[in-house]
Amino acid sequence: MAFSLHCLQNISPNKRSTILAIKEALHIRHAKALGEVKRLFVSKNTDERLSMVDSIQRLGIEYLFEGEIEATLQRNHMMLRFQNIQGLSQVAFQFRMLRQQGYYIRPDIFNIFWDNKGKLKDTFCKDINDLVSLFEASQLSIEGEDYLDSAGQFCRKYLNEWSSTFHNHAQVNFVTHTLMCPTHKTLSRFTPTIIQSQNVSSLQQLSIIDTQIVSSLHLKEIFAVSKWWKDLGLSKDLEFARDEPIKWYMWTMACLPDPRFSDERIELTKPLSLIYIIDDLFDIYGNVDQLTLFTEAVKRWDLAGIEQLPDCMKVCFKALYDTTNEFALRTHLKTGWNPISSLIKSWIKLLNAYLEEAKWFASGHVPTSEEYLKNAIVSTGVHVILVHAFFYMGQDISDKTFSIIDDFPTIISTTATILRLCDDLEGDK
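Residue numbers for the sequence shown follow the UniProt record's numbering, beginning at 1 and rising by one.
None of these hints come from the bench; they were simulated from the model.
Take the hints with a grain of salt, since some may be wrong.
[Claimed, not checked] Derived DSSO-like pairs (lysine-lysine); straight-line CA-CA distance at most 27 Å:
| no. | residue 1 | residue 2 |
| --- | --- | --- |
| 1 | K359 | K299 |
| 2 | K236 | K247 |
| 3 | K314 | K236 |
| 4 | K349 | K374 |
| 5 | K359 | K314 |
| 6 | K185 | K119 |
[Said to hold, decoys possible] The following label-pair restraints were derived from C-beta to C-beta distances:
| no. | residue 1 | residue 2 | range |
| --- | --- | --- | --- |
| 7 | T191 | A170 | 19 to 27 Å |
| 8 | E426 | K227 | 54 to 62 Å |
| 9 | E143 | D280 | 36 to 44 Å |
| 10 | D122 | L40 | 38 to 46 Å |
| 11 | A21 | N168 | 43 to 51 Å |
| 12 | N168 | L217 | 50 to 58 Å |
| 13 | K299 | Y104 | 36 to 44 Å |
| 14 | K119 | D396 | 36 to 44 Å |
| 15 | D302 | F174 | 54 to 62 Å |
| 16 | I246 | Q204 | 25 to 33 Å |
| 17 | A21 | D396 | 37 to 45 Å |
| 18 | Q204 | K121 | 19 to 27 Å |
From the three backbone atoms N, C-alpha and C, an ideal C-beta is built for every residue, glycine too.
When you get a sec, could you build the whole thing from the sequences and use the hints?
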C-alpha cells in the first residue's frame, strides 16, 4: 500500500484525504505492532532475546530496535567469557551474532570442537543444526583463521549432499536457503527470509507493515531521483550514454537500507549517475585528445575554460560542475564542513584512471595484471562514492580524516578491489 508524492499531487482533494487517512492508519498499526514486539522482547530471557535479535535482523527491521540489540549483545559478550562449554550450534550462533555486530570473539572458542588435526570432530559432523550454525559462523572468519575456513567448506559440502539426499526433509528449505544466502552476506530487506523463532507471527506482522511504509518512502525517493535526472537533461543531450536512473538509485538503496537515510540515498545517487555517464563518455564517445582536454578541464574546475571541448563534453562538464558544487553546499549546510576540494580530487583520480584505460585501448597496449588492477580499482568509482558518502553522512569528520580520505585509504582500496574483481569475474562468465 505505497503512495508516491506525484500520485498525491494529481488526484482530487477527497481521494487525497482518503489516502492520507489510510497512511495514518498504517502508521498507527505499525506503532501498535512495534509496541507488542518490544513488550515481548522484554519478557524473554537472555538466550531468547538473542534469538529474537537474529530474527529481527533477518527481517531487516533492526533499525527499530537499536537499543535492545546493543544491550543484548553487550550482555552476551560479557557472559560468553564466564559460561561453561555449550553445544556447537549455540557457540557458533553466539559467535556469529557478536562478530557481525563488530564484537571481536577469539576463534579458539571453537577449539573444543576440533580434533588434533584442526578438523571438526566426528561427533559433530552429522547434526544439521550444528553444521548450519557453524557454516554461518565461518562466513565471519578473518585472515589466519584457517580452521574456521576449513570447517565452513566442510559444512557446505556436507549440507549440499544432505539436501540432495533428504530433499523432502522439513529442514531442507532452511538449509538450502542458508547456503545460498548466508546472513552476513545478504541484504535482508531485499531477500526472502526464513526465520526460526517462537515469535514468528508478531515479528512478521511488524515486518509486513514496515515494508509497506518503507516501500512508500522508496517510491518518493525514486520520484525525486527521476525528476532530478530529467531536469539535468543528460539523457537528451548525450544519446550515446546510459539512461538508467532507477538502476543507479538501487545501488544506494542496497548500500543504505535504513529508512532514516532517505536524503542520503537521493543525494548519493547523483554522483553515482555521473560516474556511469562519464564512463560512457570515455568508452564510447571521445578520442584520447578530447578526453585529455576534458580531464584537464576538470582539474581546473572552471566553467570559463571549456570552450575547446565538444558540445557534449561541455554539457557533461557543466552537469558534473553544478552537481558537485551543489552537493558540497548541501554537505556544508548539513555538517558545517565544505568537502569541495576532496570531491574534486576524487573526480580527478577517477578521470585519470579512465584516461589511462583510453590510452591503453588507443595504443593497443596490454597492461600487466598488476598494472591493470592498480588502475582498475580507481576506475570502479568506489572512491568517488565513498568520499561523497563519508562527508554527507557527517560522522567523525575532522582535519585528520580529511587528509586520510584524500589519500585513497586501505578501507576504500580494498572495497574497490573486491568490486572490480567480482565485476570482472561476472563479466568473464
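Do the hints match the structure? See the list:
1. K359 <-> K299: Holds, because 18 Å separates the two Cα atoms, which is no more than 27 Å.
2. K236 <-> K247: holds (18 Å)
3. K314 <-> K236: holds (14 Å)
4. K349 <-> K374: It holds: about 12 Å lies between the C-alpha atoms, which stays within 27 Å.
5. K359 <-> K314: Cα-Cα ~21 Å, so holds.
6. K185 <-> K119: Holds. K185 to K119 sits at ~24 Å (cutoff 27 Å).
7. T191 <-> A170: 19 to 27 Å: This hint holds: roughly 21 Å between Cβ atoms.
8. E426 <-> K227: 54 to 62 Å: Since the Cβ atoms of E426 and K227 sit about 32 Å apart, the hinted range of 54 to 62 Å is violated.
9. E143 <-> D280: 36 to 44 Å: holds (37 Å)
10. D122 <-> L40: 38 to 46 Å: Given range 38 to 46 Å: holds, Cβ gap about 40 Å.
11. A21 <-> N168: 43 to 51 Å: holds (48 Å)
12. N168 <-> L217: 50 to 58 Å: violated (41 Å)
13. K299 <-> Y104: 36 to 44 Å: Since the Cβ atoms of K299 and Y104 sit about 43 Å apart, the hinted range of 36 to 44 Å holds.
14. K119 <-> D396: 36 to 44 Å: Given a distance of about 42 Å, which is inside 36 to 44 Å, the answer is holds.
15. D302 <-> F174: 54 to 62 Å: This hint holds: roughly 60 Å between Cβ atoms.
16. I246 <-> Q204: 25 to 33 Å: holds (28 Å)
17. A21 <-> D396: 37 to 45 Å: holds (42 Å)
18. Q204 <-> K121: 19 to 27 Å: Since the Cβ atoms of Q204 and K121 sit about 37 Å apart, the hinted range of 19 to 27 Å is violated.
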